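Participant: Spelled out from the first residue to the last, the chains are:
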Amino acid sequence: MMANQIQKPVSSTHAQDDTLSRLNQTDLLGKIFRRQSAVHTVWANRKARIGMVILGIFILVAIIGPWISPYSLNNTGFTVSEPPSFAHWLGTTQSGQDVLTQLLYGTRISMLVGFIAGAITIAIALIVGFLAGYFSGWIDDVLSLLMNVMLVLPGLPLMIVIAAYIPSHGIWEIILVMSLTGWAFGGRTLRAQMLTLSRQDYVVAARFAGESPITIIFREILPNMLSYIIANFFGAVTGAILAEAGLEFLGLGNPSITSWGTMIYWAQNGDALLNGQWAWVLAPGLCIALLATSLTLINFGIDAIANPRLQED
Amino acid sequence: MRFILRKLGFLVLTVWVAITLNFIIPRLMPGNPAEAMMAKYAQQGPVPPQQEKALELMLGLPTGSLWQQYWGYVVNIIHGNFGVSYSFFPESVLSVILQAMPWTLTLVGLVTILQFVVGTLLGVYAAWHRGKKFDSIATVLFSFTSAFPYFWIALALIYFLAFIAHWFPISGGYSGSLSPSLNLPFIESVVYHSILPAITIFITGIGGSLLGMRNNMINTLGEDYIFLARAEGLKSKTVAIRYAARNAMLPIVTNFAMSLGLVVGGSLLMETVFAYPGMGYLMSTAISNQDYPLLQTLFLFITISVLLANFAADMVTGILDPRVRKGAAR
Chain W
0 MMANQIQKPV SSTHAQDDTL SRLNQTDLLG KIFRRQSAVH TVWANRKARI GMVILGIFIL
60 VAIIGPWISP YSLNNTGFTV SEPPSFAHWL GTTQSGQDVL TQLLYGTRIS MLVGFIAGAI
120 TIAIALIVGF LAGYFSGWID DVLSLLMNVM LVLPGLPLMI VIAAYIPSHG IWEIILVMSL
180 TGWAFGGRTL RAQMLTLSRQ DYVVAARFAG ESPITIIFRE ILPNMLSYII ANFFGAVTGA
240 ILAEAGLEFL GLGNPSITSW GTMIYWAQNG DALLNGQWAW VLAPGLCIAL LATSLTLINF
300 GIDAIANPRL QED
Chain V
0 MRFILRKLGF LVLTVWVAIT LNFIIPRLMP GNPAEAMMAK YAQQGPVPPQ QEKALELMLG
60 LPTGSLWQQY WGYVVNIIHG NFGVSYSFFP ESVLSVILQA MPWTLTLVGL VTILQFVVGT
120 LLGVYAAWHR GKKFDSIATV LFSFTSAFPY FWIALALIYF LAFIAHWFPI SGGYSGSLSP
180 SLNLPFIESV VYHSILPAIT IFITGIGGSL LGMRNNMINT LGEDYIFLAR AEGLKSKTVA
240 IRYAARNAML PIVTNFAMSL GLVVGGSLLM ETVFAYPGMG YLMSTAISNQ DYPLLQTLFL
300 FITISVLLAN FAADMVTGIL DPRVRKGAAR
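Residue numbers (numbering that gives the first Met the number 0), protein chains in the order written: chain W, 0 to 312; chain V, 0 to 329.
Since the hints were made in silico from the structure, they are not lab data. All values derive from a computational prediction rather than experimental measurement. Heads up, a few of these hints could be off.
Claimed, not checked - Chain W stretches covered by chain V per the calculated footprint, using a threshold of three residues with CB under 8 Å from any CB of chain V:
#1 97-103
#2 157-164
#3 243-255
#4 281-288
#5 294-303
The beta-carbon is built from N, C-alpha and C at its ideal position, and this holds for glycine as well.
Only chain W is shown next, with the shape it has when bound in the complex:
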């Protein structure tokens, strides 16, 4: 050992570099391993596993739906108001469209609206929650009050009033209305989490070491509350999908696009149930419920990461 050191004094910096890079490597490996074990924890949870499989199927359908649908979406030439049959598994609509085709096409729009609205919602929640939780004092007081007020105002009636006044009812308007009214719940949870984490020793240490707030938030705090953020994101998506369906059901969406919500709207308008066309009404609702359930089930697994007491074998 000694001889070695004496023999190659020049390469000492090199060796240091080497250990440094090796250190970094193990750190990286550790991170990957940790992440894998996080995925593993979620996957190990039986409920979360079921949820991930269902979600996977929906994502697949959203991508390939138009190719696997039996007919074209624009084909309105079928016998109108048919109950389910071999040619039309879920029947036809009042205007002569195939319901299964609509359902497969609608998956893409419904999921897109849900996930985009969920993402915007959680982005607002993150920003507000972080600001409130990191900079305590008057910023926290003001933002917390804002969140508490938003939380107690009933969401759907507020969305309805806003949506009723909007002159054009496109997808983006609906997304915007849902995001602006739905962020408070996530904001409050993330604020609480932020508050706890920003009092941790390593964050205080980083602050004393002169790191900027941005660096601290993104490098020290964010990675440690990822599970909370994802859980809240899924919660926000669930809320958005349900709210979208509700608004479209009331006719406040854009009835000319094909999504699960507008399908139910048209079915209800066409008195589908009373004509015995149960599939037209029940299938899109079942999809909404299955998708929302899959996200809730995955959250069971994510909760288990954040809260080991909820962990299962």
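Dock chain V against chain W, hints included.
Facilitator: For chain V alone, coordinates are given in the frame of chain W:
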């Protein structure tokens, strides 16, 4: 006392926010729905001048400065002057809403409390027998039922229990051959018509109560004092109810208040499906007729009911938990 004052202050603040939002929203929107609205009224027939003024203030017809408009609007609201309804012309918005309100308050209020109590008790049971059969089935089943849109459950119930089985009426709040009065046949008819709507709220709401209580209870069961209570050899029923459930209850009451907004929103959609003569059905009538005064006033009434219920829940938490009362636990 300070606790009550603080909560009272919050109540006043939130009511003010709701009233102000109601004032701002029509004025923020592009286009001019107010003028179109007034033109529609003009076709219906003469509107009394006082009502016309109230409508202008609510819808945002530019007369006077914004501040004057706002002041006039608030004064009108305090006087209960919300204008006339377009869809029920020439009835005033207030009288239309007051007719619908008891229907929603009784049905939604009663069933919400019922599902909360039953769901919480089942949650205690599931958490105590965690991982056993009931727990596994209940958690998956209720995450599934609570994921259904309210109106979908309503549609499914109508199809299977009313349309196919003919057990219940398809829609409405009472039999069309009866006129509303306080006699036995009418009350029977009301109860009979409210069963399916009640089941809808119960099914969709109970999942949240059960799962919330279960997860909280599991957390509480991990605490040291539970461990100690068990080690002391107390009966497991005593530990479950007196030690664990009591402490797990506290955040749940707050959660109940938070979820109330969701329940109310869902019930509005449910009423639309059943054509149940409450505020939700009224709201969808207002939407399809673009009856903005009715819609806005409904929003105000619904919001204020939710805020009052929230205030009540806060008071209950304060009674149950001295830490909240003294402001120590924030």
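Participant: How about the region 243-255 of chain W: do at least three of its residues have a C-beta closer than 8 Å to a C-beta of chain V?
Facilitator: With 6 residues close enough to chain V, the hint holds.
Participant: Are there at least three residues in the region 97-103 of chain W whose beta carbon sits under 8 Å from a beta carbon of chain V?
Facilitator: violated (count 0)
Participant: The region 294-303 of chain W covered by chain V? Criterion: 3 or more residues, Cβ-Cβ distance below 8 Å.
Facilitator: holds (count 4)
Participant: Are there at least three residues in the region 157-164 of chain W whose beta carbon sits under 8 Å from a beta carbon of chain V?
Facilitator: Our answer is that it holds, as 6 residues pass the Cβ test (under 8 Å) against chain V, meeting three.
Participant: Check whether three or more residues of the region 281-288 of chain W sit with their beta carbon closer than 8 Å to a beta carbon of chain V.
Facilitator: That given contact holds, which follows from 5 residues of the region 281-288 of chain W lying within Cβ reach (below 8 Å) of chain V.
Consistency with the previously given hints fails for number 1 only.
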